[in-house]
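S.K.: Residue strings, one per chain:
2 protein chains.
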Amino acid sequence: MGALPREFFNPRSVAVIGATRKPGFGSGIPRLLKRLGYTDHLYLVNPREHEIEGLPVYRRVTDIPDPVDLAIVIVPRDHARSVIEDCIAKNIHAVILETAGFSETGPEGARMEREIADLIKDEPVRIIGPNCVGLINPHGRFTSTEVALEDITPGNIGVIAQSGVFGSIVADWAPGQDLAVSSLVTIGNRLDVDEADVLYHFAQDATTDVIVLYLEGAKDGRRFRKALGEASRRKPVLLYKSGRTEVGRRAAASHTGSMSGVDGLYEGLLKQAGVIRASSFQELFDLARVFSRQPLMKGTDTGIVSTSGSLGVMAADAAVQWGLRFPDLSPGTLEMIERQAPAWMNVKNPLDVGPSGLFGPGLEGLLRDSRIQGVIAIPVVPDSTMRLIADRGMGPDVLTGDVEALRRLLPDKPVVTYTVGGAFWTSLARKTIGPHFTMVRSAETAAKALWALHRYYRFRRDNP
Amino acid sequence: MGALPREFFNPRSVAVIGATRKPGFGSGIPRLLKRLGYTDHLYLVNPREHEIEGLPVYRRVTDIPDPVDLAIVIVPRDHARSVIEDCIAKNIHAVILETAGFSETGPEGARMEREIADLIKDEPVRIIGPNCVGLINPHGRFTSTEVALEDITPGNIGVIAQSGVFGSIVADWAPGQDLAVSSLVTIGNRLDVDEADVLYHFAQDATTDVIVLYLEGAKDGRRFRKALGEASRRKPVLLYKSGRTEVGRRAAASHTGSMSGVDGLYEGLLKQAGVIRASSFQELFDLARVFSRQPLMKGTDTGIVSTSGSLGVMAADAAVQWGLRFPDLSPGTLEMIERQAPAWMNVKNPLDVGPSGLFGPGLEGLLRDSRIQGVIAIPVVPDSTMRLIADRGMGPDVLTGDVEALRRLLPDKPVVTYTVGGAFWTSLARKTIGPHFTMVRSAETAAKALWALHRYYRFRRDNP
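Protein chains in written order, with the numbering used here: chain H, 1326 to 1789; chain Z, 1326 to 1789.
No lab work stands behind these hints: they were computed from the structure. Possibly wrong hints are sitting among the right ones.
Any copy will do: because identical chains look the same in the list, a pair fits if it lies in one copy or spans two.
What the hints assert, rightly or not - Computed cross-link-like contacts, DMTMM-like style, restricted to lysine to aspartate or glutamate with a CA-CA straight-line distance of at most 25 Å:
1. Lys1560 to Glu1374
2. Lys1446 to Asp1787
3. Lys1756 to Asp1411
4. Lys1551 to Asp1476
5. Lys1415 to Asp1534
6. Lys1596 to Asp1626
7. Lys1347 to Asp1403
8. Lys1756 to Asp1476
9. Lys1347 to Asp1411
10. Lys1359 to Asp1716
11. Lys1756 to Asp1534
12. Lys1446 to Asp1545
13. Lys1560 to Glu1376
14. Lys1673 to Glu1571
15. Lys1623 to Glu1729
16. Lys1756 to Asp1626
17. Lys1623 to Glu1571
18. Lys1415 to Asp1394
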């Protein structure tokens, strides 16, 4: 199969088949597309409506006088087949079939899904779905589902989600998580377009640097393996796979009709393909954020700088368990920090600077040290201290140094940060440090992120 | 050793030794205590100051004309010993020594620490510290460290943190995490009071129902084991222990002078003592919140109800890996839900209700089903849907049912919830569902929480 039609991501004209005035997707999607500027290129279809949102409603998609790039189908299940026939007749190349009730519900639904698959076999149309919400492309200002598109920052993370609800949740959640997305595609039951197609798409897509995959099971193991391998040789692929247990697999089967396969098989396949596997949904997107902004890590030699000894110890424990190592600091680095350090401070790696004010110099020292290949930075500041600083008109750079300049000056080593504490400090830290030294949600995730950056570095080096 | 003096938690009069006008703890703590109403019972001590915050400053603690319940000591290390001598002379029973620079920095500091320990051996004074921030008691409106005490809800979780910075962070972080604390005690280098003392205290303390322990290593393994066992027979004890690896142990040694011991030894000890071990700092406090509000789980038979199939599968996977089981629903429950269910819905356990609107009935069905002993509930709602509902003047109970009434009616089974999504939905859910069906930060944590509630149930049953 070839690449996905461009019409999926940047449709010039859209038909919403099953548009309605009743509350729900059927009215929400037309309203949203109109707001996004599709006014002249939005066609609503429903044999039982005449006018919605000030737009005329066509009885059938074939009645539309202009060419249609993409159809969003939200009709009841039993009408889906005839609507797809109309789409073929109208020469539409991209269809998003959002309707649920197919193979995920049992044999009858599966039969209807197969019928549609047979119908399009030799046609130039591609279908995403059914049982999905289609896609969201913040770069192209297009979405086939109700989300606050203007809140989602266009970025370089391509997301493949199997389930529609899950996709919507990620879209709702992304803005608060500082996740900048290239496109998000939900594939549902995959009667035609599957995870392999979207992997190939993201592998070639110029706006995508990192591919994130939430999957309950592959549709076609062989194709999936090939697509993963090819995508992974070009861009990091991060995966969260559920259906790891028998109960989970049975639940997945009735959710998106997935056969999740035996988990052990996947483990080997993913490893061979250089895929990074996340252990939770939150970790998946933390890792995506790290890969989208930080350089790869060229070795396992790690430095930690923290203002909280406890959190430094937690990060060190986790890093060691991921196979990272903590070399001694170079004599030059030691000397530079010791010159400024108070008597109580132990200058070594991991480096606990406590309240010495040496977090900035410590971080710079680790970044400049040729023995260190990646850094975990844990700036933790009590709200009372940060308020005192803010009251004097100063910012967190008093404590952390000028992280932006530091990143610009020394761009070659990954830095992952973690912080916790009061609302005042954490929101400031997120804004000032987060954009430069990617922030994750735990000391453990920081350690795994560095491991993953190194793991993928090795995969690329060994698979040129 | 006997119980900790009550003066630590509810001092009627406090001396701050090392108070100063310079910014920092030395001025922040007096200001805070004054604001908390200690005006008439706050005595500041510093030979080089005369007046701070409108209060007279005494040269030595022995110059104070009234009795002193508790002394907070923040003088430089080299003055600590003579200050403690004065405290003994003044017959003070509770001293919080916050000064750092003792055993965590090397042999010289360790020697000075031992000197103070020897000094108090036969005296009626107890010392918390050094290298700590003492304690926070929101019930008694007392704190020995700068935190926004009025933001911390008085509650039933007793927290023992080894490190001062860590304790401050937890105190800053607690309000945003809906953590209601009985007291938080940081024990630092433990020259006198150690984790065992505070465990005994919390085991007896009427305001404490759950004990949370962050430890880098025990001071005295035998005493610790005994205290853990005794505390655990009365109240659940949750622990996060760092220093699990050699690097982590070395880092811990220079942080609070801890010898963390070999981790394998701890694993056995903790299991035997019925202690629940958390795998991250975030998980530790999620579990604490669950134990502080939910009943124990009497068996392993679990139900899941979710509006997102994906998240339901994730929770099921994790639950199975923790040894929980998913029985079939009782015929009565099946019948009740099937009667209301749309055609596409698969009524079984785990129960994915999708957008059917049956989350409330599903949750009630699981709670009423005699085959189910604990429930994971995953209400996930797109922001667009929740906004539509809110625009009509309705609340999330349209989707979730009246969770408060449900909890009141059926209080015997634990329910742990997890949600994710947009800011609008998640903040509403936290407010309406969170207080009744404790909310945790991932599907994986929800599963572990139910396991822990059952694990502790068994421990209590087998160790009456």
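S.K.: Now tell me, hint by hint, if it's right for this structure.
M.R.: Evaluation of the provided hints:
1. Taking identical chains as interchangeable, the C-alpha atoms of Lys1560 and Glu1374 are never at most 25 Å apart, the minima being 46 Å within one chain and 64 Å between chains.
2. Taking identical chains as interchangeable, the C-alpha atoms of Lys1446 and Asp1787 are never at most 25 Å apart, the minima being 39 Å within one chain and 63 Å between chains.
3. Proximity of Lys1756 to Asp1411 under the C-alpha cut-off of 25 Å is found in neither arrangement, the shortest distances being 50 Å within a copy and 48 Å between copies.
4. Taking identical chains as interchangeable, the C-alpha atoms of Lys1551 and Asp1476 are never at most 25 Å apart, the minima being 35 Å within one chain and 54 Å between chains.
5. For a Cα distance limit of 25 Å, the shortest separation of Lys1415 from Asp1534 qualifies neither inside one copy, at 35 Å, nor across copies, at 68 Å.
6. In this assembly of identical chains, the alpha carbons of Lys1596 and Asp1626 lie at most 25 Å apart only when taken from the same copy (22 Å versus 34 Å across copies).
7. Proximity of Lys1347 and Asp1403 under a CA criterion of 25 Å is satisfied intra-copy only: 19 Å inside one chain copy versus 77 Å between copies.
8. Both within a single protomer and between protomers do Lys1756 and Asp1476 lie at most 25 Å apart by alpha-carbon distance, with minima of 16 Å and 23 Å respectively.
9. Taking the shortest Cα distances, Lys1347 and Asp1411 sit within 25 Å of each other inside one copy (24 Å), while across copies they are farther apart (79 Å).
10. Taking the closest pair of Cα atoms, Lys1359 and Asp1716 come within 25 Å of each other only across two copies (20 Å); inside a single copy the shortest separation is 46 Å, beyond that limit.
11. For the identical chains of this complex, Lys1756 and Asp1534 are intra-copy neighbours only, at 23 Å inside a copy versus 38 Å across copies, given an alpha-carbon limit of 25 Å.
12. For a Cα distance limit of 25 Å, the shortest separation of Lys1446 from Asp1545 inside one copy, 17 Å, qualifies, whereas the shortest one across copies, 73 Å, does not.
13. In this assembly of identical chains, Lys1560 and Glu1376 lie within 25 Å of each other by CA distance neither inside one copy nor across copies; the values are 46 Å within and 65 Å between.
14. Proximity of Lys1673 to Glu1571 under the C-alpha cut-off of 25 Å is restricted to the inter-copy arrangement: shortest distance 15 Å between copies versus 47 Å within a copy.
15. In this assembly of identical chains, the alpha carbons of Lys1623 and Glu1729 lie at most 25 Å apart only when taken from the same copy (22 Å versus 53 Å across copies).
16. Proximity of Lys1756 to Asp1626 under the C-alpha cut-off of 25 Å is found in neither arrangement, the shortest distances being 28 Å within a copy and 44 Å between copies.
17. With identical chains, the CA atoms of Lys1623 and Glu1571 are at most 25 Å apart between copies only, with a shortest distance of 24 Å across copies and 38 Å within one.
18. In this assembly of identical chains, Lys1415 and Asp1394 lie within 25 Å of each other by CA distance solely inside one copy; the values are 10 Å within and 87 Å between copies.
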